[in-house]
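Could you build the full structure based on these sequences and the hints that come with them?
For the sequence shown, position 28 (counting from the first letter as 1) is numbered 28 according to full-length UniProt numbering, and the numbering increases by one without interruption.
Simulated from the structure, these hints should not be mistaken for laboratory data. C-beta: ideal position from N, C-alpha, C; glycine also. Careful, some of the hints might be misleading.
[To be verified] With beta-carbon atoms standing in for the labels, derived distance ranges: (1) R79 x E21: 35 to 41 Å; (2) E57 x E20: 30 to 36 Å; (3) E96 x L53: 27 to 33 Å.
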Amino acid sequence: MCNTGTPTSIIVDSTPVEDEEPVLVKVNVVDESLVSRYCVVVYDDQPFPGIVLGVDEEEELEVQTMHRIGKNRYFWPMRDDTLWYTNQQVLTLLSEPPKLVTNRHHQIDPKVWSLIERELNL
Numbered sequence: 001m002c003n004t005g006t007p008t009s010i011i012v013d014s015t016p017v018e019d020e021e022p023v024l025v026k027v028n029v030v031d032e033s034l035v036s037r038y039c040v041v042v043y044d045d046q047p048f049p050g051i052v053l054g055v056d057e058e059e060e061l062e063v064q065t066m067h068r069i070g071k072n073r074y075f076w077p078m079r080d081d082t083l084w085y086t087n088q089q090v091l092t093l094l095s096e097p098p099k100l101v102t103n104r105h106h107q108i109d110p111k112v113w114s115l116i117e118r119e120l121n122l
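What follows is the structure, given as C-alpha cells:
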C-alpha cells in the first residue's frame, strides 16, 4: 500500500432532512393487507380513529373505532364499537396508532389532525 502522506477528507452533508409533510392516505384497494392497520373513518360527519379488523368481497372494512371525548381526544370504549365501512368512509390510513396523551386518552398526530379538520371543514 502506498501512502503519500496527504490526508484525505470526506465531506458529508449534515443538513437535517425535514420530515415529509403528512398527507391523507386514501384506500384504493380493499384487501387483507389493510387488516391491523390504523385508520380514520367518518361517521355522522365526524372523524373517528380505529383499527381494521377485517375486509370482505364487497370492498368494505370492519373497523373497531375509538370514542371521542373532545377535539382530537379519543379513548377505547369499554364495549367494542365495531362497524363495517365502505372504503369511501375511510378518510385516511394512519402511519402510526393515535398516541397516548393521558392515562386513557389518545390523539392523532397533530399534523394529520390539521389535514382531517381541513378535509371535513371542522
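Checked hints:
A C-beta distance of roughly 37 Å is found between R79 and E21, which places it inside the suggested range of 35 to 41 Å. Between E57 and E20 the C-beta distance comes to about 34 Å, which sits within the given range of 30 to 36 Å. Between E96 and L53 the C-beta distance comes to about 18 Å, which lies outside the given range of 27 to 33 Å.
Checked against the numbered hints given earlier, this structure breaks only hint 3.
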